[in-house]
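A.B. asks: Chains as they are written, first to last, in the UniProt record's numbering: chain B, 1 to 564; chain R, 1 to 435.
Think of the hints as simulated: they come from the structure by calculation, not from any bench.
Keep in mind that this is a model prediction, so the values were computed, not measured.
Ideal Cβ placement from N, Cα and C applies to all residues, glycine included.
Here are some, though not all, of the chain B residues that point toward chain R, as calculated from beta-carbon distances under 8 angstroms:
no.	residue
1	11
2	18
3	82
4	104
5	344
6	514
7	515
8	520
9	533
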Amino acid sequence: MTGTTPPILQGPTSKEKKYDRQLRLWAASGQAALEESHILLINSGPGVVGVETLKNLVLPGIGNFTILDSTIVSEEDLGVNFFLEEEQLGGFRAEHTCNLLKELNPDVQGSYITERIESFLLKADALKPYTLILVTAPIAPELLSKLSANAETSAIPTFYIHCTGFYSHFSIHLPPAFPIVDTHPDPETTTDLRLLAPWPELSQYTAEKTSGLMEMNHHDHGHVPYLCLLLYYLEEWKKTHDGQVPQNYKEKTAFRQTVSQGARTDNAEGGEENYDEAVAAVLKSLNPAELKSSVKEVFDASECKLLTADSPDFWIIANAIWSFYVARGALPLPGSVPDMKAQSADYVQLQNVYKSKARADLSEVLQRVRGLEKKLGKTKTAEEKEVELFCKNAAHIKLVRGRPFHVVQPGKGVKWEDRAKAAVQGLTNPESLILIYIAFLAFDIFTSTHAADALGGAAKIPGETDAEADAEKVTGIAFKIIDDLIKEAGTVVEDPDYSEAKSKAAEFVQEIVRAGGAELHNIAALTGGLVSQEVIKVITKQYVPVDNTCIFDGVRSKTSVLRF
Amino acid sequence: MAADSALTNGADSQRLRWKYLDRILSRPGPFTDPDWEPGEAVIEGLSRAKILVIGAGGLGCEILKNLALSGFKDIHVIDMDTIDVSNLNRQFLFRHADVGKYKADVAARFVEKRVKGVKITPYCGKIQDKDEDYYMQFAMVVCGLDSIEARRWINATLVGLFNEEDPDSLKPLIDGGTEGFKGQARVVFPTMTSCIECQLDMHAPRAAVPLCTLATIPRQPQHCIEWAHIIAWEEERKDITLDTDDPEHITWLFQKALKRAQEFNISGVTYSMTQGVVKNIIPAIASTNAIVAASCCNEAFKLATNSNPFLGIPETDNYMMYTGDESIYTYTFQHIKKPDCPVCGNLAKNLEVDSKSTLQEFIDSLAERPEAQLKKPTIRTEAKSLYYQSPPALEEQTRPNLSKKLSELVSDGEEVAIQDPAFQIAFKFKLVFKK
Ligand SMILES: [Zn+2]
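Isolated chain B, as found in the complex:
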C-alpha cells in the first residue's frame, strides 16, 4: 500500500455481514422495506404453517411481527411445531411461539395477542398498525370476510393460507393497483442494444472503430467490439437490400453468414472471438423493439391516463415515460452493455456512449415528470433515483391487479365471475391443480356449515373422527362446486372429461380428509417457505409475486399458480 492513498478501513458493517447473502438479492432498499414492516399473523388450527412463515421472515430481519392466537399449548403442538417447548404446555401458544421466534434475530420486534379473534376484530382500528396480514385456516367465514373487506378498504396486503395433510394453498389479496418497477428480469434476456436504431454517437463510435477494418492488423481486428461489427455489416447489408435491415429468419441467417465470413482464420488462434460473439448475437439482437403486453397494460391503465394531484409517483412517471415513448418511438435506454471481447479503453468508451444516451433519456423523462407535477400542483415531487430506476427497468415493469380471494359463505355457492371460463378449462387440464383448490373450498364449506359445538367453540374439521363419512359429505360439496362452476361459465364439460374431473376431485377430497385437519410438518414448512417468499416480494416491491393463488401438491411434488 502506498503512503499517499488513505487506507479504506471500513469493511462491511455487522449488519451487512449478517445479511450479506440476501443483500445480494434485494439490496439495501429491499432490506429497508423489510425493516419497516409490521406483520400480523392470525393463527389457528395446528398453526405450524403460520409460524414457519414467520421464521423465514424473522431470519432476514422484518421490523416487527405480532401473533394473534388464543390457543393453549397442547401435547399435539409439541409433535409438529418447532417453536414450542415441553415446559410451555398449558401456556398461550401465541406467547411462546413469539418468544422462541424472537430468539432467531435480536433485531426483530415481536409481540403477541391472546385475545379471541372475534372480539379483537370488533375494535375499531384493530388492524391499523400492520403493513401485511397473514390468516391461516380454519377461520369462520364471517371473520375472513371482515379481513377481506379490510384488505379492500385499507389496501393492506392480506394472505389466506390453508395447509392440511399433503396439500396446501394460499391466496393473496393485493391492492387493486400493485405496480412493481424492480422486477429483476434475467439479465441474459434483457440486453437492449438498439442496433436497429443507432443514435449519432453510436454510429460515430462504430465508424471510428471499424475504419479500415479490412486493413487492420490481426490484433486490432480481433478486438473490434462485436456490437460495432454488427453495425458495420448491417450498413454493408443495407447497401444491397434497398436500405433495409434483415427482415425475417431467412435473411437473418444469411446476414449471420456474411458476418461469419468476415472473421479471419489465418491468425494464430485460427478464428476470432469477437466475430464468434457477433455471430451468436445476430438472432437475438436484430428484433424491432416491441412493448411487452405487461408494459402496455401499465400505459393503458386508467391510473396512467387520468392523473390527479393524488396520483402516486409510479403513475406520474409511467405517464411521462409513455409520452416519451410516443414522442421517441422507444422506451428510455437502460444503458448497460454486456461484456464483450474488446480493448479496455474501447469498451469503457462504448459503455460511455450507452450511458450518455441513457442519461439524456433520463433527463428528458425527468423533465416530463416535473412538468406533470407542476401541472397537477403536486407539492411532493418524485425522487430522481426513483425515475432513474423506472427508466432502467421500463421494459420490464409489471402491474398486478389485486383482487379478493374466495370466502365461502354457508348456504351460498362459490362465485367465479370473470374467471369462470378459465377455471372450467383447468378442470380437464392435468397440469392444473384447481381440483385440489376446489377440495379446499369444499373443506371450508363443510367447516362453515358444521359449525361449532353449542359453546361456539372451534368448528368441526372434516376427518377429525370419521374420515369415511366426512369424505363422502365433502365430496358431495366439491361436486356441487364443480357443477355450479360449469353452469356459471355457461358451458358443458363432456364425458369422459366430466367424470374424470369428478373422480379426481373425490380423490383429492379423500386425501385432505384423511388428515382430519392435521398439518404435516414438512408440508407446513414448505408452504411457509413459499408464503414468506411472497411476503418478501410484496413488502420490498421487488421480483414478481404470485397472482393470486398458489396450490401445492405434496403427493406429486408440484405447484400450480392460478388467478381467481
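With chain B held as given, fit chain R with the ligand onto it using these hints.
C.D. replies: Showing chain R with the ligand alone in chain B's frame:
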C-alpha cells in the same frame, strides 16, 4: 381408527404428541398402495429408520428440524464447517454466541433439546473420512450441500455400495440445492435411476474469464478483482496463503482491484463484490432453503413410510426444479439415466476434442467442461499412461506428454480412463476428434 389407543409403548401423553402424524400414518389414502397396511408397524418402522443428513448449513438446519418433526428418531449428521456470522440470516439453529463452533454439534444439540425423544449423532468432519461400512448402516441419505464435489463423492460412493445380491445395500439419495430464489430436490435410487453424475450438466460451472483478459484487457470490475486474486497476490504475497475469510486479505485484494480499475477507468469495484468474486458467493435466503429442504424431507418421509408415492420410483418423476423469482414455478419430471454415465452407466462417454490441442490444454478444459468438471486428472489409455499427477516420479516421467498434441497420443475414438483425487472411481471417456 385413531392410532393413539393402538400404541402401547411409551407413555400415552408422549404418543399424544404425535397425534397428527399418527393420524395420517394410520389411515389409507386414495394414492397409497392397496397392499399398504397403515398403523403401528409403519409408525414403528419410521422410528427405527436410521437416516444420514449431510450438511448442517442452510438446508441442513431445516432438514434436521423437519426429520425430527416427521417421526424419525435416529438421525446422524455430518458437517466439517464452523459457524460464521453470515450464516445467521438463515441457519436458524445457530445464535451469535455459537460463531466459531462446529455446525454439526450445535445443530444436533439444539434439535435434540427442542424435540424430545429424537437422537441426533453429529460428526464434525469430512464425508470422505467415513468408509463403506459406515454408509451401509443407513436406510437413506439426505444431502443439503453447497459443494458439487461432495455431492458427486457421496453419489459415487452410494452407487459403488450397491450389490445386486443384497437389497439392503440400496441406499436412496435425496439431494437438495439452492441458489437465490431457485432450487431443486431430487431422489436417486443408485443404479436404478438417473444419478447425480447423470445430471451433472444441469449444473454447468460458470465459464472462467480468460487469463489474457485479466492480464491485459480488463473491462469489468470482476476482471480487476480476479486479476488481484489470481495474478497480483501470486506476484506480491506469494509466501502468504490466501485466506478468503481473513478481512485483511480481502481488503488487500479489494484495494489492489480498485487501483487497477481506476487505471483502466472501470467503475463498480466494491468490497462486497470483491468478497463475492473471491469466495464465489452464491446468494442464499431462508425461504428457498425452507422450500427445498422440506421437499427433500417430504420425499424421505413418504419413502420411509409409503404413506404416499414418492419421487424416484423408477420410470416416474425424480426431479423437482423450483423457481421463485417470477411468481412460483415448479417443473417436476423424470431425468433419464444415462447409459454412458461414468458412475452408474457401463458405456464410456463420448468427449469431443480437438486433435490439434495439446494434452495440457485438454487437461485444462476438463475442469470447465460441464460433463467432466475434473480438476486434477490423471489420464491413461488401455496401453499407456498419458499423465500422472502423482507420485512425483511418474509425474516427471509423463510430463513431456503435456506439450504433445492429442493426435500424437491417442487415436480417434480411443477410450481413456481419467482419475481424480476427489473421487474414488475412474471416469471412462471416448475421445472423439472434432471434424
Ligand atoms: Zn449416473
